[in-house]
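> In my numbering, the protein residues as written are 464 to 751.
Possibly wrong hints are sitting among the right ones.
Here are the computed lysine-lysine pairs in the DSBU-like style, where the Cα-Cα straight-line distance is at most 35 Å [claimed, not checked]: (1) LYS494 - LYS632; (2) LYS485 - LYS632; (3) LYS632 - LYS488.
Derived by calculation from the structure, the hints in this document are not laboratory data.
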Amino acid sequence: MQSTEPPLLTSLRSPRVIAARKLAKRNQRSKERRFLAEGPQAVREAVAYGRLAGSGEHAVVEIYLTLEAAERHAEIVDAALAEGLPVLTATDEVIGEICDTVTPQGIVALCRFLDTPFEQVLAMEPQLVAVLAHVRDPGNAGTVLRTADAAGADAVILTDASVDPYNPKAVRASVGSLFHLPFAVGVPVEQAVARLREAGVRVLAADGAGDRDLDQELDEGTLGAPGAWVFGNEAWGLPEETRALADEVVRVPIHGHAESLNLATAAAVCLYASARAQRSPGGCRAKG
464 MQSTEPPLLT SLRSPRVIAA RKLAKRNQRS KERRFLAEGP QAVREAVAYG
514 RLAGSGEHAV VEIYLTLEAA ERHAEIVDAA LAEGLPVLTA TDEVIGEICD
564 TVTPQGIVAL CRFLDTPFEQ VLAMEPQLVA VLAHVRDPGN AGTVLRTADA
614 AGADAVILTD ASVDPYNPKA VRASVGSLFH LPFAVGVPVE QAVARLREAG
664 VRVLAADGAG DRDLDQELDE GTLGAPGAWV FGNEAWGLPE ETRALADEVV
714 RVPIHGHAES LNLATAAAVC LYASARAQRS PGGCRAKG
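Model the full assembly from the supplied sequences, consistent with the hints where possible.
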């Protein structure tokens, strides 16, 4: 794709542009079962994701990018074309209209929904799961997805009271991890906890008011078993009825003078603690 070629999308009134812009609203995303992934990292991972199980359709519907971005990210363009995906050049104004960010990076992919049915997640016999209960901030949700991916978690569950993971801010915050690990959406927290426990997964509620702390869990070796961490709302944490569902309520110890940890940081500490314990001798992921 040469820079001398004129852009294909130049009008802000193009049906493609109008349809893409409407995906900024959750109800439209749900209706179309499509979302936008902005930036080279997200688009690269979307192309690499391949085809969706069941439908056989590619996760990517089509890609829009500026001529400058086409040159700068030629490897993404080549990979997309090799998959037979439509790649459409556009003006800066068109990309700016489609994207949610103030300063777009010049490339965005129109993608199909990726979420996995909860029962299918359970059938995978997950050993480490993050459950987002009542999490409303899309940036936090995306960051926990990224953290779970980095920690080697098997899945993320977003309850019916949590934010839409396809929110543009959540997609950006996941930095491509949305395309790496299974996630289920819209699961009532009671159902999520009950079914995970039935599957032999120990459920821990992360809460600053917990009777046990993370150091105790590590010292006693209890984190080596298959486990799920339930993380609550950024402002008020987990309600009592949700804490009561878990096997244990665990707090992250505060050794300094900070009042608390934010959701994403607490999730990182908890998930990595479990990841290490599970890979230690005697843990459920230990080799040999």
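> State for each hint whether it applies.
Comparing the hints with the structure gives:
Taking the CA atoms of LYS494 and LYS632, the gap is near 19 Å; set against the 35 Å cutoff, the hint holds. Proposed proximity of LYS485 and LYS632 is supported: the alpha carbons are some 15 Å apart, at most 35 Å. Straight-line distance between C-alpha atoms of LYS632 and LYS488 comes to about 12 Å, which keeps the hinted pair within the 35 Å bound.
Checked against the numbered hints given earlier, this structure breaks none of them.
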